[in-house]
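Enquirer: Sequences listed follow chains A, B, C and D, in order. Residues 2 to 411 in this note's numbering are what the first sequence spells out, letter by letter. Residues 2 to 411 in this note's numbering are what the second sequence spells out, letter by letter. Residues 92 to 469 in this note's numbering are what the third sequence spells out, letter by letter. Residues 92 to 469 in this note's numbering are what the fourth sequence spells out, letter by letter.
Just so you know, the hints here were simulated from the structure itself, not pulled from any lab data. Where is the CB? At the ideal position from N, CA and C, for every residue including glycine. Warning: the hint list may mix true and false statements.
To be verified - PhoX-like cross-link-like pairs, simulated, lysine-lysine; straight-line CA separation at most 25 Å:
no., chain 1, residue 1, chain 2, residue 2
1, C, K343, A, K264
2, A, K55, A, K68
3, A, K399, D, K122
4, A, K224, A, K210
5, B, K399, C, K219
6, D, K343, B, K264
7, A, K242, A, K186
8, B, K68, B, K210
9, A, K399, B, K399
10, C, K343, A, K404
11, D, K343, B, K399
12, B, K89, B, K16
13, B, K89, B, K68
14, B, K186, B, K242
15, B, K50, B, K68
16, A, K68, A, K16
17, A, K264, A, K89
18, B, K224, B, K210
19, B, K242, B, K16
20, B, K89, B, K55
21, A, K210, C, K122
22, C, K278, C, K122
23, B, K399, B, K186
24, A, K186, A, K210
25, D, K343, B, K404
26, A, K404, B, K210
27, D, K122, B, K210
28, B, K186, B, K50
29, A, K55, A, K16
30, C, K343, A, K399
31, A, K50, A, K264
32, A, K242, A, K264
33, A, K399, B, K404
To be verified - Under 8 Å between C-beta atoms, here's a sample of chain D residues computed to sit facing chain C:
no., residue
34, T106
35, F110
36, Q356
37, A357
Unchecked claim - From the derived model, a few chain C residues whose C-beta atoms are all more than 12 Å from chain A:
no., residue
38, D98
39, L155
40, G272
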Amino acid sequence: MDFTDSFDEAEYRAKCRRFLDATLPRRHPGHVRGYRRGEDGPDVVPQAKAFQRKKFDAGFAGITWPKEWHGQAGTPVQQMIYDQEEAKYDTTVNAIGLQLNICMPTICRWGTQEQRDRFAPPALRGEEVWCQFYSEPSGGSDLGSLRTRATRDGDEWVINGQKIWTSLAHEADWGVLIARSDFDKPKHEGLTFFYLSTKTPGVEIRQIKQMSGASHFNEVFFKDARIPDSQRLGPVDGGWKVAMSLLMGERYSLDDDFGPSFKELFSLTRQLELNGRPAFEDGGVQDRLADFYVKAQGLRFTRYRIMTSLARGEAPGPEASIGKLVAATMIQDAASYGLELLGAAGAEMGADMPLEGIFEESFLDSPAFRIAGGTDEILRNTIGERVLGLPPDLRADKGMPFKAIPVGSK
Amino acid sequence: MDFTDSFDEAEYRAKCRRFLDATLPRRHPGHVRGYRRGEDGPDVVPQAKAFQRKKFDAGFAGITWPKEWHGQAGTPVQQMIYDQEEAKYDTTVNAIGLQLNICMPTICRWGTQEQRDRFAPPALRGEEVWCQFYSEPSGGSDLGSLRTRATRDGDEWVINGQKIWTSLAHEADWGVLIARSDFDKPKHEGLTFFYLSTKTPGVEIRQIKQMSGASHFNEVFFKDARIPDSQRLGPVDGGWKVAMSLLMGERYSLDDDFGPSFKELFSLTRQLELNGRPAFEDGGVQDRLADFYVKAQGLRFTRYRIMTSLARGEAPGPEASIGKLVAATMIQDAASYGLELLGAAGAEMGADMPLEGIFEESFLDSPAFRIAGGTDEILRNTIGERVLGLPPDLRADKGMPFKAIPVGSK
Amino acid sequence: MNFDFPDEFKQLRDTAREFLVERCPPAATRKALERADKVDRVLWREIGEMGWLSAAIPEAYGGLGLGHLAVCVLAEEMGRVIAPVPYASSVYMATEALLLYGTEEQKKSYLPRLATGQAVGTLAFVEKAGPLNPASFDTRFLDGRLTGTKLVVPDGDVADFAIVAVRSLEEAPSLCIVDLGDAAVSKMVRPTVDPSRGHATIRFEGVPAEPLPQANGATAFQSLIDRAAVMMAFEQLGVATAALEMARDYAKSRYAFGRPIGSFQAIKHKLVEVYIATELARSNCYWAAWALESESSELAVAAAASRIASCDAGWTATRENIQTHGGMGFTWEMDCHLYYRRARLQALALGSAREWKRKLLGALWARESAATPTDYAA
Amino acid sequence: MNFDFPDEFKQLRDTAREFLVERCPPAATRKALERADKVDRVLWREIGEMGWLSAAIPEAYGGLGLGHLAVCVLAEEMGRVIAPVPYASSVYMATEALLLYGTEEQKKSYLPRLATGQAVGTLAFVEKAGPLNPASFDTRFLDGRLTGTKLVVPDGDVADFAIVAVRSLEEAPSLCIVDLGDAAVSKMVRPTVDPSRGHATIRFEGVPAEPLPQANGATAFQSLIDRAAVMMAFEQLGVATAALEMARDYAKSRYAFGRPIGSFQAIKHKLVEVYIATELARSNCYWAAWALESESSELAVAAAASRIASCDAGWTATRENIQTHGGMGFTWEMDCHLYYRRARLQALALGSAREWKRKLLGALWARESAATPTDYAA
């Protein structure tokens with residue numbers, strides 16, 4: 002039991018560091034990843050594209066993808082090591098990475114070699130950005146209840162409907178889409194999967210403003226948008242399986258420091274005074290800090306357990322599923338507690354507030370973490386059923402034709 | 002807005018006090034109601050019967066019951082005032098009160114005047130004790146899934162099956178019973194309600210030992226126990242409605258101090274030292290104590306709101322439903338926190354421990370509070386549906402014949 | 092036992108609710124959120140005309156003389172609609188300071204204008220991050236002039252005058268009244284977590300000021316804050332209740348997996364926990380209202396309990412309202428964040444719950460040592 | 092990156108689990124609960140024969156010399172079956188004290204007997220309610236004799252000898268070894284929240300004792316407790332995991348309202364929270380095991396973190412196991428309370444989580460001031 006690299010791992014890590022040192026500035030000590038200020042600027046995506054190109058040139062694009070996908074045919078450990086190292090740098094520039102890692106494997110897995118050759122290289126080089134047309138206003142957590150309609154018309158499909166929560170859509174060149182091709186079948190059985198250009202006539206993209214003021218998501222409207230049948234992936238009415246393979250492609254997040262947590266609170270309580278003494282010395286503060294610390298360390302070492310499984314070529318254990326659920330609440334709680342410690346003065350926002358105002362900003366950002374990427378409630382269902390093996394809930398819509406199921410707000 | 006009695010209320014309160022002063026010792030300051038030590042002794046029920054007789058003689062038995070039920074035809078406020086005053090005395094002796102208040106109203110409401118005349122007076126005088134044969138091993142929270150069988154045989158019914166959680170059964174003379182008379186009907190539609198003597202041949206009563214070592218409950222086995230049809234209450238297959246009217250008879254608990262809470266923790270932290278200072282001065286202790294205090298006061302003043310409604314002749318608002326749910330968890334948490342403060346020495350049990358060992362005893366007692374009288378989960382369902390008006394859960398067994406419903410541990 | 096608001100105040104509540112629901116929908120607050128002028132001036136004038144600013148002001152000074160129970164009732168309604176008006180600053184803080192500590196002359200000068208809303212008052216007391224500690228205030232009042240800087244002054248962008256908390260020497264006055272229009276006052280409008288209300292950093296550079304002569308030492312400031320906290324707790328309760336109702340309504344009408352999401356225990360039980368938090372807060376608030384109105388010695392304890400409970404209810408209710416709404420919950424266009432922001436602003440405004448927990452225990456300890464603890468809060 | 096137990100220890104775990112599940116079902120612990128003799132003597136002999144008592148004892152003293160990772164693995168399995176044997180006292184406490192601070196002679200005298208289980212050792216250190224504070228110990232060691240009283244000595248009813256913590260003068264030894272068979276030792280068996288283990292108040296009235304000469308001052312006691320806490324944390328993790336599995340199995344097989352209760356989100360999500368608590372504890376435990384085995388300077392921090400996390404997991408899991416079982420959950424006949432009791436006993440045994448939180452922050456503060464914090468726990 003140790004934390005050291007094998008020889009090969011150490012060599013690969015050194016290679017990553019050489020590349021990153023030459024390419025990115027190191028994070029300054031107070032910088033917290035995932036802290037959104039400044040990540041909305043107009044330069045973010047161009048910078049991300051340029052960085053992706055450098056990764057490609059240095060052999061760090063598509064590390065684990067096979068050669069047929071134009072990847073590096075590397076191991077999950079290499080990916081993990083790269084991610085670990087990258088986390089030490091200012092990676093605001095990596096804004097397009099997640100979508101790349103979700104969309105492109107779906108294209109490559111379900112598409113022809115010709116499609117792989119057409120799409121993988123420009124995506125890996127950062128020349129083309131992808132997004133996923135997936136969630137819908139009526140769906141939310143119940144993804145399978147989507148109602149965007151795909152109607153066959155000869156060699157084409159006509160798309161009508163609305164998508165939402167589409168990250169990057171306003172910057173993307175291409176998107177993957179799941180739509181309902183048959184309203185008479187049960188809800189997971191009448192769906193078909195496509196990809197299309199965001200420039201397709203009839204596709205309109207509008208940014209959504211979040212409560213924090215940032216705009217990371219879009220609404221997308223389809224009005225008689227036409228897609229050739231050659232841009233279908235998987236069989237007609239067989240799109241659910243394609244979509245699920247896409248979700249499975251989500252990598253384990255090995256990233257910590259995603260918002261304020263123990264470190265920031267520890268730092269705050271050393272600056273702040275309570276009754277003339279450093280806040281840190283207060284028993285109540287210590288009780289709370291200890292809880293944050295133990296939870297944060299629990300998540301950190303859970304990640305190390307996952308990495309160890311990957312390093313051994315094994316699938317990570319079920320513990321891999323708890324990270325996002327625990328972290329999201331922890332961040333919101335930490336933001337809230339930071340404000341409590343700041344007291345009346347803590348209402349003010351701005352970079353001149355303690356710790357550059359991270360607690361106030363995170364107060365407004367953090368509600369999204371408990372929802373985006375699976376709500377707390379859905380994640381608990383998933384862990385309860387897949388990890389603990391508890392029986393599923395009753396399904397009100399089981400076997401019903403989709404059109405008979407009540408959806409959305411009706 | 003004030004806390005004072007009206008003239009009539011003050012007069013009644015004085016009357017209660019005169020009776021109680023003459024009858025019972027006052028609670029000594031450290032005594033916590035509901036704290037079980039000593040309440041299991043062989044004298045408890047005889048004492049309770051004797052006390053009930055005194056209440057009857059003084060006009061405090063069946064305060065709100067009508068004259069036809071041999072009651073005092075008083076108001077809910079009078080009952081409330083009596084309960085409030087009684088709570089200041091050592092009422093270990095009141096062990097039979099709850100069952101009296103649940104069972105007898107059912108008899109009186111559904112029975113003939115002849116039955117009222119036969120049963121109400123001895124019950125009110127404490128001469129006959131009642132219990133309810135109600136929950137079953139396979140049922141638990143799902144009371145309606147009971148499977149004790151009532152088979153008609155001429156003018157009699159033959160009972161076979163098992164009941165559980167029957168408080169007082171081993172001391173009781175009579176019991177009310179709900180049993181399944183038709184297994185082919187949906188679960189709430191094939192039930193019939195009876196009363197019977199606990200001495201009926203074929204009725205066997207066994208005490209259940211709880212994890213705390215106490216035995217407040219019983220299992221009851223019915224083997225070909227025979228009940229005359231004249232001891233049926235309500236129509237054949239109409240027992241659910243009778244049972245529900247019984248549950249509704251449950252009075253609002255106006256009793257606080259049911260286990261360790263703020264007061265006991267406050268007292269403990271003034272005795273205990275942390276690092277050479279009274280534990281009370283520690284910031285972490287103060288944070289926790291404040292939470293307990295605010296919750297306990299919230300419950301206390303919620304009771305005052307309920308009393309005010311009763312005093313005005315109105316039905317209490319929905320806030321009346323939260324008391325037991327909040328209190329049960331608070332008691333368990335307080336027991337746990339008391340032990341944490343005691344530290345390594347807190348493992349020991351006994352009357353010579355701080356506060357007479359209440360934290361250790363309550364640690365073992367309190368799990369039952371979250372279950373008996375409605376589990377946390379069932380209470381949240383009830384409040385969510387009845388108070389907030391949220392839609393009911395899906396019912397797996399809706400409309401199914403009872404015999405087709407999976408029950409218990411199969 | 093009569094632990095409820097008198098009927099006339101219940102009628103006042105009904106009137107206020109009817110008016111405010113109509114007149115001040117969330118869209119009104121959203122407007123304030125998105126523009127520089129944070130006050131709905133028409134609404135402010137209207138509630139002034141109805142006497143809602145003067146409920147606790149005696150008739151002699153142009154008020155309705157209804158007492159504090161009326162203010163508590165109105166505060167809850169103001170909270171329910173997250174009204175974009177300087178109600179808290181002007182009523183719970185400035186008016187209350189004058190009522191408590193003002194000279195006859197000061198009362199005559201300020202209260203009638205506060206009563207109509209013609210003047211907006213506020214309280215300036217925050218100087219640095221961390222718990223409020225009057226002993227450490229740097230702002231000085233010397234020779235009739237005030238010097239110092241106060242942070243996040245509520246409605247500091249629009250207030251006409253401020254009650255300013257100053258460092259007090261023993262029994263010297265700790266509160267001054269200052270005209271914010273004075274040339275030696277500089278205001279910097281500052282953004283906060285709730286931009287639907289205006290806040291400013293205010294610097295006083297030798298500004299002429301008048302002491303409130305009866306505001307002796309640090310205790311005077313604490314008593315004022317205790318009283319303001321009770322009225323604020325009702326306002327917080329209003330926000331929490333409104334957020335709960337919004338979540339409940341959505342949970343009833345939104346379908347997922349073929350059924351209303353409120354039929355899932357994950358949502359149902361969550362909202363029950365919110366409901367419990369609001370009811371525990373309400374009961375503590377009622378107690379505090381009684382203590383405020385009856386000038387009870389329990390006020391310090393009851394004020395702290397009501398504030399702690401309402402802070403908890405506000406946070407729980409507004410946070411889980413967003414969560415119940417899912418993705419839409421964290422968008423700008425949905426109103427959830429208006430409640431979330433306001434609840435936090437309120438929870439910070441008079442010092443955070445953490446601080447009030449320490450105050451609560453201090454007050455309990457003091458009471459324990461005193462001669463005759465009353466029966467109600469034992 | 093190799094943050095897992097080596098294969099040979101995983102095999103050890105499998106062997107131990109297979110043996111203990113067969114040999115030590117809850118009925119065995121229930122027997123101990125209901126009788127005066129709290130030790131399953133046959134089981135004790137058997138695990139002694141398999142070398143499980145001597146995993147950390149070097150071969151030179153009759154041990155297996157496998158190191159502490161092996162003890163951690165075994166501790167978790169002991170916890171899973173809530174074994175009625177003095178494993179914690181003898182292995183994590185007495186053995187560990189001798190390994191750390193014993194003279195060669197003391198090691199030779201005691202370790203071989205501890206290794207086989209022939210002798211049972213314990214640690215006597217509790218003197219009063221409240222946090223453990225070595226500076227306030229009243230027990231004295233003077234002129235070769237020990238005087239004082241220790242409370243709730245674990246397995247004090249059956250132990251042959253005890254390591255006793257005494258008030259130390261500066262760098263003088265703070266631990267002594269005492270034969271509990273001595274006539275000047277009086278034991279009073281005492282009931283605890285977990286009667287499946289034996290505890291005694293032990294009075295020493297001038298009993299001959301021998302110091303552990305390298306156990307210098309209060310730090311020596313703290314280091315010993317840190318090490319014991321890591322092994323105990325694994326045992327706690329075992330209890331928590333077993334309780335979770337019991338609840339999960341019941342939730343899968345018990346029907347109410349026509350469906351398995353585990354299909355209700357109220358139960359499902361509750362058990363997910365329990366699962367999360369156990370996994371966070373497991374990860375902290377692994378870290379602490381690494382720190383223990385590698386003699387890392389992070390041990391103080393990691394030990395505290397593992398203890399805090401395991402206390403939380405144990406409480407959450409055993410409490411909600413009862414709740415999941417409903418009425419049956421709080422009966423004597425159902426095994427739920429065996430886990431609930433044991434988890435609490437463990438959580439109190441080395442001082443409660445509250446105390447360890449303070450220790451944790453103290454250790455973090457100390458590390459912050461030190462020169463080179465390592466990368467892992469930043």
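Enquirer: Does each hint hold? Answer for all of them.
Expert: Hints, verified against the model:
1. C/K343 - A/K264: 40 Å, violated
2. A/K55 - A/K68: 19 Å, holds
3. A/K399 - D/K122: 49 Å, violated
4. A/K224 - A/K210: Holds, because 23 Å separates the two Cα atoms, which is no more than 25 Å.
5. B/K399 - C/K219: With a Cα-Cα distance of about 61 Å, the restraint between B/K399 and C/K219 is violated, given a limit of 25 Å.
6. D/K343 - B/K264: 40 Å, violated
7. A/K242 - A/K186: 15 Å, holds
8. B/K68 - B/K210: 40 Å, violated
9. A/K399 - B/K399: Measuring from Cα to Cα gives roughly 16 Å; hence the hint holds.
10. C/K343 - A/K404: Within the cut-off at roughly 21 Å; holds.
11. D/K343 - B/K399: Holds, at about 21 Å.
12. B/K89 - B/K16: With a Cα-Cα distance of about 15 Å, the restraint between B/K89 and B/K16 holds, given a limit of 25 Å.
13. B/K89 - B/K68: 29 Å, violated
14. B/K186 - B/K242: OK: B/K186 and B/K242 at ~15 Å, within 25 Å.
15. B/K50 - B/K68: Roughly 22 Å between the alpha carbons, so the hint for B/K50 and B/K68 holds.
16. A/K68 - A/K16: 20 Å, holds
17. A/K264 - A/K89: 15 Å, holds
18. B/K224 - B/K210: Answer holds: B/K224 to B/K210 is near 23 Å, not above 25 Å.
19. B/K242 - B/K16: Cα-Cα ~38 Å, so violated.
20. B/K89 - B/K55: Holds - the C-alpha atoms of B/K55 and B/K89 are around 17 Å apart, at most 25 Å.
21. A/K210 - C/K122: Holds: A/K210 and C/K122 sit about 16 Å apart, inside 25 Å.
22. C/K278 - C/K122: Answer holds: C/K278 to C/K122 is near 23 Å, not above 25 Å.
23. B/K399 - B/K186: Holds - the C-alpha atoms of B/K186 and B/K399 are around 11 Å apart, at most 25 Å.
24. A/K186 - A/K210: 35 Å, violated
25. D/K343 - B/K404: Measuring from Cα to Cα gives roughly 21 Å; hence the hint holds.
26. A/K404 - B/K210: Given pair A/K404, B/K210 is violated - Cα atoms ~55 Å apart, limit 25 Å.
27. D/K122 - B/K210: 16 Å, holds
28. B/K186 - B/K50: 41 Å, violated
29. A/K55 - A/K16: Holds, at about 14 Å.
30. C/K343 - A/K399: The given pair, whose Cα atoms are some 21 Å apart, holds under the 25 Å limit.
31. A/K50 - A/K264: 31 Å, violated
32. A/K242 - A/K264: 42 Å, violated
33. A/K399 - B/K404: 24 Å, holds
34. T106: 41 Å, violated
35. F110: Result: violated, 41 Å to nearest chain C Cβ.
36. Q356: This hint holds: D/Q356 lies near chain C, its Cβ roughly 4 Å from the closest one there, short of 8 Å.
37. A357: 4 Å, holds
38. D98: 37 Å, holds
39. L155: It holds; C/L155 is separated from chain A by about 30 Å at its closest Cβ, greater than 12 Å.
40. G272: Nearest chain A Cβ is 23 Å from C/G272, so the label holds.
Of the hints listed earlier, those the structure fails to meet are numbers 1, 3, 5, 6, 8, 13, 19, 24, 26, 28, 31, 32, 34, 35, in rising order.
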